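K.L.:
Each protein sequence line maps, in turn, to chains A and B. For any residue, its number in our numbering is found by taking its place in the first sequence, counting from 1, and adding 133. For any residue, its number in our numbering is found by taking its place in the second sequence, counting from 1, and adding 133.
Because the hints were derived from the structure by calculation, they are not lab data. A quick note: this is a predicted structure, and the numbers were derived from the prediction, not measured. Don't take every hint at face value.
[To be verified] Not everything, but these chain A residues come out facing chain B in the computed CB check (under 10 Å):
#, residue
1, E167
2, P171
3, G174
4, Y189
5, D218
6, L372
[Said to hold, decoys possible] Capping the alpha-carbon separation at 27 Å, the derived lysine-lysine pairs in DSS-like fashion look like this:
#, chain 1, residue 1, chain 2, residue 2
7, B, K211, B, K348
8, B, K348, A, K227
9, B, K227, A, K362
10, A, K227, B, K211
Ideal Cβ placement from N, Cα and C applies to all residues, glycine included.
2 protein chains.
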Amino acid sequence: MPLIFNRRQIEEALEGVDVTTAIEHGFIAYSRGEVVVPPVGELVFDDPPGDVHIKYGYIRNDDFFVIKVASGFYDNVKLGLPAADGLMLVFSQKTAQLECILLDECHLTNVRTAAAGAVVAKYLAPTRVERIGVFGAGVQGRMQVEALLPIVDCRAVVVWGTGEAELEAYREAMSGHGLEIETTRDSDEVAATCNLIVTATPSHTPLLRTGQIRKGTHITAMGSDTRDKNELEPGILRLADLVVADSIAQCRERGEIFHALEAGAIRDGDILELGNVIADPALRRTDDSQITVADLTGVAVQDIQISKAVYEVLRRPA
Amino acid sequence: MPLIFNRRQIEEALEGVDVTTAIEHGFIAYSRGEVVVPPVGELVFDDPPGDVHIKYGYIRNDDFFVIKVASGFYDNVKLGLPAADGLMLVFSQKTAQLECILLDECHLTNVRTAAAGAVVAKYLAPTRVERIGVFGAGVQGRMQVEALLPIVDCRAVVVWGTGEAELEAYREAMSGHGLEIETTRDSDEVAATCNLIVTATPSHTPLLRTGQIRKGTHITAMGSDTRDKNELEPGILRLADLVVADSIAQCRERGEIFHALEAGAIRDGDILELGNVIADPALRRTDDSQITVADLTGVAVQDIQISKAVYEVLRRPA
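Full structure from sequences and hints, please.
P.N.:
This is the structure in structure tokens:
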């Protein structure tokens with residue numbers, strides 16, 4: 134019988150987990166070719182509309198393999214249910230026995246996604262962050278900033294959103310972190326005052342234009358994970374000194390890098406992979422005037438790493 | 134929190150389920166194009182060797198969708214663990230909420246696989262079954278015969294195997310069903326005395342040759358589910374009056390029909406699909422001298438149907 138844990142137990146266990154380090158190690162293993170990640174499984178529904186993704190894989194010679202199910206059913210909100218849901222299954226790599234079911238309701242996906250943003254900032258942000266700019270006042274707009282707190286000293290944040298209500302909710306939710314939070318509906322304000330920018334929206338048209346980007350800016354684009362979505366004008370990637378993908382293979386097919394390749398703004402050889410940037414200081418920014426862009430589309434190795442780390446805590450005798 | 138059931142509870146619930154009818158309805162829906170079944174997800178391991186399959190899908194406008202995980206780690210036997218393991222997850226198709234986890238340890242896969250054999254016999258076996266022949270003395274060699282008991286009157290069985298020990302174990306395990314069980318290591322004996330034959334082995338070379346097959350024989354080939362495996366000489370499918378696939382799309386890629394197509398023994402247009410044969414009496418055998426062959430490779434709709442049926446029983450208030 135596998136061990137089974139609910140979201141509350143998982144949240145408690147996360148307090149004992151160094152998520153950022155676990156995710157870093159995952160990206161390194163991935164870029165070294167040590168991770169088996171088959172194509173994502175997908176189920177699409179029309180009525181009500183929704184989609185389910187199955188991400189799965191393993192690190193060679195590791196103890197476990199992981200299968201994750203994550204769903205997005207947006208009409209759920211009308212029923213008072215969360216739009217996003219999911220679970221992670223941890224199996225022994227030696228026997229295929231199911232060891233643990235993590236009924237995380239998509240929380241671990243949110244945490245590992247935010248942690249990737251922190252890893253990117255650790256290795257690519259300029260030395261002195263003046264102000265953090267965030268596009269998107271949703272769950273990731275909040276969690277990305279929370280994940281940055283141990284990584285950067287800056288506590289000044291400006292968040293861009295489309296509606297006053299969501300911006301007000303953002304200010305309220307984030308008030309407890311010693312942060313100085315401003316809100317705006319003007320992308321110029323973000324581009325002109327922030328040198329660490331995170332885009333975390335489902336936008337289908339660019340939020341930032343090439344002409345807005347100042348020297349010394351780092352952008353983490355994590356909202357676009359399909360071919361339709363697009364947060365950055367392709368020229369921004371041409372302008373960048375460094376363009377980093379969480380997975381080059383995946384970013385060729387979706388996200389900002391896909392759009393920039395399509396537009397001819399960058400070539401395949403211009404793209405670095407995050408695991409290599411973490412492992413090799415020579416691949417990072419060489420001065421604080423450089424422009425860097427990281428494109429995060431979400432890789433199964435993040436699910437593998439976070440579920441293993443949580444399970445390690447939860448399996449310990451109390 | 135989903136409902137979670139272990140193998141013992143699932144076995145008890147199965148006593149209240151008409152599995153054969155559930156599987157029949159599944160095949161009909163599948164052949165009507167009402168079932169969404171994406172490509173099977175697969176993880177392959179080298180050390181120890183093993184594989185994991187993820188089968189998933191849904192019937193349109195149904196209440197649920199299902200994700201099944203099934204593994205085969207053959208070195209497990211050395212550790213005193215079963216080689217096959219797995220679980221099924223039942224989700225609401227309206228909200229994607231996980232409603233039920235069936236920790237069936239692969240038992241439901243075995244039951245739904247045997248049930249497909251029973252469905253095939255119901256619609257394709259000759260009117261009077263003289264003797265049932267079984268190739269393979271393993272789990273399916275037993276369960277296929279058990280599933281036939283409500284479908285055919287014949288109680289005379291001859292089982293072909295490669296070792297005396299497994300044949301003896303088969304006789305012992307199957308003694309409680311009022312069956313008259315003989316064993317053999319000679320395929321001629323099976324072909325010459327049986328007009329309902331089930332092949333249930335992982336053989337890579339044909340067990341039955343074209344010249345052995347008598348008029349009026351029905352063969353259900355369920356052992357071969359990959360490109361490497363092959364239980365019937367391709368000429369047998371050319372000889373057959375009817376060749377039936379559980380899924381034409383899947384059998385084009387693997388199993389006996391794949392080999393017969395490759396060998397030029399049959400053409401694509403010669404193949405019927407099981408759901409259509411169930412729905413339309415005109416597609417079945419027209420007399421008892423015809424030779425019929427059914428090729429079963431296992432379709433996710435079987436997993437969908439059996440897990441839904443078991444969940445329907447288990448969710449009822451006690």
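K.L.:
Broken hints, numbered, in rising order?
P.N.:
1, 6, 7, 8
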